[in-house]
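Could you build all of it, start to finish, from the sequences and the hints given here?
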Amino acid sequence: MSAKRKTKVDPITLSVVRGVLETTQREMTLSLEKTARSSVFNLAHDYSTALFNSKPEMILQGQDIPIHLGSLIPAMKSVARFFGEDIHEGDLILHNDPAFGGSHAIDTCMYKPVFYKGKLVYWTVCKGHLTDIGGPVPAGYNPNAKEIYAECLRIPPIKIWERGRPRHDVLNLIFTNMRARRDQEGDFNALIGACQVGERNLLNMLEKYGEKTVNACIDELLDMADQHMRDLIRTVPDGTYEGVAILEDAGHGFGDFEIKATVTIRKDTCHIAISSPPQIPYFINSYEGNSHSGVYLGLMMFAALPPPYNEGLYRCVTVDFGPKGTICNAQEPAPHMNCTTTPMETLTDAVRLAFEKAMPSKVAASWGHANGLNIAGWDTRTKEEFVTMVLATIISGGGATPQQDGWHAVGPECCFGALTSGDVELLEYSYPIIIHKYALMTDSGGAGKFRGGSGTAWEVEPVDGEMLCIGFGEGRRIPAMGAAGAYSRDVDSKVGRVVLKKSGKTEVVRKNILETIKPGETVTNMNPGGGGYGNPYERPIEKVIWDVRNRLVSVEGAKRDYGVVIANPETLEVDIAATERIRAGT
Amino acid sequence: MHANYRLGIDAGGTFTDFVIADRDSGEVKLFKALSTPSDPTLAIENGLKLIAEDLGADPAKIVSNCDLCINGTTVGLNALITHSGGKTGLICTAGHEDSIEIRNGHKEDGYRYDPEYPAAVMLVPRYLRRGVCERILSDGSVRQPIVEEDVREACTLFKNEGVETVAISFVWSVLNPIHERRAAEIVREMMPHAILTVGSELYPQIREYTRTSTAVVNAYLAPVMRKYVAAVDAYFRSLGARQPVRYFQSNGGLAIGQVMTDRSVYAINSGPASAPQAGLYVSAPFKRRNVITVDMGGTSFDITLTKDGQTNLNKNIDFLRYRIGVPMIQVETLGAGGGSIGWIDSLGILQVGPQSAGADPGPACYGEGGIEPTTTDANLVLGYLNPEGLLGGKLPLDLAKAREALGKVAKPLGMSVERAAYGMFTIVNSNMVNGIRRVSVERGYDPRDFVLVGAGGATAAHITALAREMGIDTIILPKLASGLCAFGQIISDVKYNYMATAPARLDNSKAYRRINSLFRDIEARAVQHLRKDGFRKGDIDIKRSLDMRYVGQVHECTVDIDTFEIGDKTIDRVKDAFHKRHEELYTYAERHNAVEVVNIESTLYGRIDKPKPPRLARGVPTAKALKGHRRAIFRASGQTTRTPIYDGSLLGAGASISGPAIIEEVTTTIVIEPGWTARLDASGSYIITRKRK
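Respectively, the protein sequence lines represent chains A and B.
For what it's worth, my numbering labels the leading residue of the first sequence as 78, then goes sequentially.
For what it's worth, my numbering labels the leading residue of the second sequence as 0, then goes sequentially.
For the record, the hints were derived by calculation from the structure and aren't laboratory data.
All values derive from a computational prediction rather than experimental measurement.
Ideal Cβ placement from N, Cα and C applies to all residues, glycine included.
Be careful, since some hints might not be right.
Below, a list of computed lysine-lysine pairs in the BS3-like style, where the Cα atoms sit at most 27 Å apart [stated by the list, open to error]:
#  : chain 1 : residue 1 : chain 2 : residue 2
1  : A       : K154      : A       : K196
2  : A       : K620      : B       : K690
3  : A       : K223      : A       : K85
4  : A       : K223      : A       : K401
5  : A       : K344      : A       : K196
6  : B       : K509      : A       : K460
7  : A       : K460      : B       : K306
8  : A       : K85       : B       : K410
9  : B       : K579      : B       : K542
10 : A       : K620      : B       : K86
11 : A       : K460      : A       : K434
12 : A       : K132      : A       : K337
13 : B       : K306      : B       : K579
14 : B       : K542      : B       : K623
15 : B       : K531      : B       : K609
16 : B       : K306      : B       : K542
17 : B       : K690      : A       : K285
18 : A       : K196      : A       : K85
19 : B       : K609      : B       : K48
20 : A       : K85       : B       : K286
21 : A       : K337      : A       : K460
Partial list, derived from the structure: chain B residues whose beta carbon lies under 10 Å from chain A [said to hold, decoys possible]:
#  : residue
22 : T92
23 : Y126
24 : P395
25 : N430
This is the structure:
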């Protein structure tokens, strides 16, 4: 229980202000979601909206995708620092550069300073994953890039509107360097619209309650969040805890890497130190802004706090990302585009594992990592080029918990259920493709007393021409991490992979690909299941049989992973004696 | 023979409301009987007995003297909540068996970091979802002809498993239903007793997941609805009803029993869906057609919005965690009722709801063992409710228990019980305001352009405060507020939604021709249907809408259009309507950009004449209706004001009362805050207004 404290403001007004802030953020999000073009953004919910005060401290972040969790904090500060006093009513600032606190450059941020009676009071901010950000490979993911310069158009903080007037020259420069201009313009409008919705609501609130009262309430909300996190940290025994997770080689040839998180708890403070190997000339380096999200997600998987979320939560948390020039604290010219999934999810696992050691009673298993596909080509129906990240290709299984099986098809870990993958018919209408399969995969959930959720398979064929498929991610060799002694004997079905049917041959690929396929050929992208919880031999037999009946577990899987021997695959009759023998380990 | 009455029966969770209108005098009477979920016709029998006593005629005589008997039921909703629908099988395109379990890969917002939030219960387990080898493409062409053997195998499994209801849903069946039709023939042949739902017939719109899920929910509820409708129809037939019973649907209109069985999914949230009709009806004497209705009951607060006589609809939403495509009246429901509990959250902030003390134990002041502070307790402490009791003293209230309960939040916040009570009142109102924004601001409407209509027993205590917070200047509060939804059902029309899909860019005459011909087709079928129900051509109205978006967008806006031929000359009218709607919703339009249509819909109404509105006589002079005074709180400081209390049953048409004041009606208590004036209109509603500042 939290220590109840007297507030400095009227508690009733405080509740009301909190409600207005949440409503404002909700309305910004809705506006963005309904109007955006990029499917990564309006279907994946791969965006976030946040409100900042003039300091600027984050006063509210939506419950959007964890990829952005907290990452707007360093970005906003760096934008405000860059412009200093040169911020005026009617300005709109654009930015995507990871070297300025951004996450990955395709996530583009829009910042609108909100003025009240001539004074800067707030910022309304949106960030979203665009369709494309220039560079040699459509959709931004270029596995061949050795440097960030070979990935995309970098945009340091820049004014696209100045004192209420759009800077058409600047916008034109930006759009000229991107693919799919029409969609890009639409997405910029969506970002601007959302910032305006936020501004309108905040100004109404100031008119109604007065600036002094509102800001006192906001300060109080920050203090309360701070207190909340401190109360939670205080329940963790003082000490130092280490978690190590393996970042597997996704095809770059530099081998596997270790990411280590060291969590030190002292009273009501928490210090998280990350250590990772030197950065590599491959697109899995994470700059500081993105690494913030990875660490905060690991923390939140442990903390499991309900909303609202603001910067106060992190006041008692200090983070050291290790020396500059490492994978989790990259610097120019490190390529980085894949960082929001890889290495972010491994970083998250390391932090989660350290907390599992600190408090074994409060833990859930890891989720499947992202292992996805971007597609690009020419649509002869509309005579337009197309390019998109296919969200349905990254839907993995959720982790099991001390009380229940993991959710099917809800990952990847870095998105934590915030995605929506888009409808099969809408995708086939928008792109010249046939989706032969979008289904759960047998035996993909991590074995455990509570089973991890199933991952998904997504099979695609181009309809009327060549199509470029760009694979990214990992989790193709190392399955999602279980918890509390969960262990899968049948690993191969738990990990991600790509099945390529091309030129009459079928090939299973376990690395990032860049392949062109034709009508009659297919790519199937398979995503890992979630981690299990507890000893799989303790899973009740009837639950295993129910899974077999529903083809979530195969007859062979029941035996290998759960020690349940099915005597008759038709009736699913169990050989109890054989089962007991295996489960007893004799 | 002329029929004198119209009867409406609205089954709720606790009570079933009965409304009987005298069609000639306009007199409307409200009765309540306890709901009987295990045998829903029993409550109907009990209610009819009450009416019979009151009117001095036996139930058969009353029923046979009704032009229409109308029933709103929660049996479908309850079956979905308790997962007690029929054993269901799904036949779908091979490779796409899991779309209803994948659920677009999404976990509901608000639970992101809650590891123990459970997954949605599957209405069809995976082993009863059977893929069939077949494939239609996005242009409607057949890529892979249907393998009939797969359908037969599925039927064999279903028969062995005791499946009683089957959904069929194939990818792109909306553009070419040939495979679904063939599969349906095979199912009918092999499982003649099973109920069958075909995706492209039930919900012919693009989006496979939505269509499959809608078909599954429909199939799941169909056996329950079929049984219920058969029982109610038979009961009313036995009483000599002149017409088949009409059932109320979540689209805000009526349907006959066969439609309720075929389209069971339309039954699920019908209860609050009649509020807009009632709201429009009671606003009509004041010439207002922009109406927000708010209905506060014991556990929830329901909001709807109607602009220019058109009510907000929802399509393609998650309802009780299941994706449902068919249009439903947008009902925003909050956990903010009279029983909602005040508590202090982990941050230390005072909150109200969504937990509720419900009917048992109920608010602390009911003295039935409740110890948590509820909205009703706060309203009692504030002096709004009569401490001698509600319902004319039938429900006594215990002020001491209310104060004691409120101490649970007052003490930790370091404030007096009175201030805490006003705080709870403020917070619950603020939650309601945020809910009202969801139907108004989020739909591109300014709530200040609307009148606020109060429904439900608990609303009237909050209504002036709510209007004040929203900046709304006019409130309409019918004396009948606590039974307004049941009343809304008896003044509703028959309403059927017919849909089609027509994905196309609006830049060529081929697309226009296709849209025109689809509209003609679906409307011809709908008119035929309504003619069969007995409607004449002059009683049938048609409304059209298009779901449109800018090319590249994923979500559509629904745009209402008049019934005209779309062509080169008229296309700009269509596009303009879309740009305008987009701008209302999202602050901007892109007039230079390409526009496309995705789905189309025609709504057909079979108009039913309305009972005459009641005429209220002039009552006693206002001063004679004054019962006395109470100290009531209208300020955050907790300071009390001596407030006059009026007996609403004595007031007649033209009575005018200025706040602060409280009017006690038998089934509701109206709080008039300072600055507001209530006038009782001859139509039976209070119109409560304030001077614009």
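Against the structure, the hints come out as follows:
no. : hint            : result
1   : A:K154 / A:K196 : 18 Å, holds
2   : A:K620 / B:K690 : 66 Å, violated
3   : A:K223 / A:K85  : 54 Å, violated
4   : A:K223 / A:K401 : 18 Å, holds
5   : A:K344 / A:K196 : 40 Å, violated
6   : B:K509 / A:K460 : 18 Å, holds
7   : A:K460 / B:K306 : 41 Å, violated
8   : A:K85 / B:K410  : 16 Å, holds
9   : B:K579 / B:K542 : 19 Å, holds
10  : A:K620 / B:K86  : 20 Å, holds
11  : A:K460 / A:K434 : 56 Å, violated
12  : A:K132 / A:K337 : 33 Å, violated
13  : B:K306 / B:K579 : 15 Å, holds
14  : B:K542 / B:K623 : 50 Å, violated
15  : B:K531 / B:K609 : 21 Å, holds
16  : B:K306 / B:K542 : 15 Å, holds
17  : B:K690 / A:K285 : 19 Å, holds
18  : A:K196 / A:K85  : 25 Å, holds
19  : B:K609 / B:K48  : 25 Å, holds
20  : A:K85 / B:K286  : 48 Å, violated
21  : A:K337 / A:K460 : 49 Å, violated
22  : T92             : 9 Å, holds
23  : Y126            : 5 Å, holds
24  : P395            : 30 Å, violated
25  : N430            : 7 Å, holds
Of the hints listed earlier, those the structure fails to meet are numbers 2, 3, 5, 7, 11, 12, 14, 20, 21, 24, in rising order.
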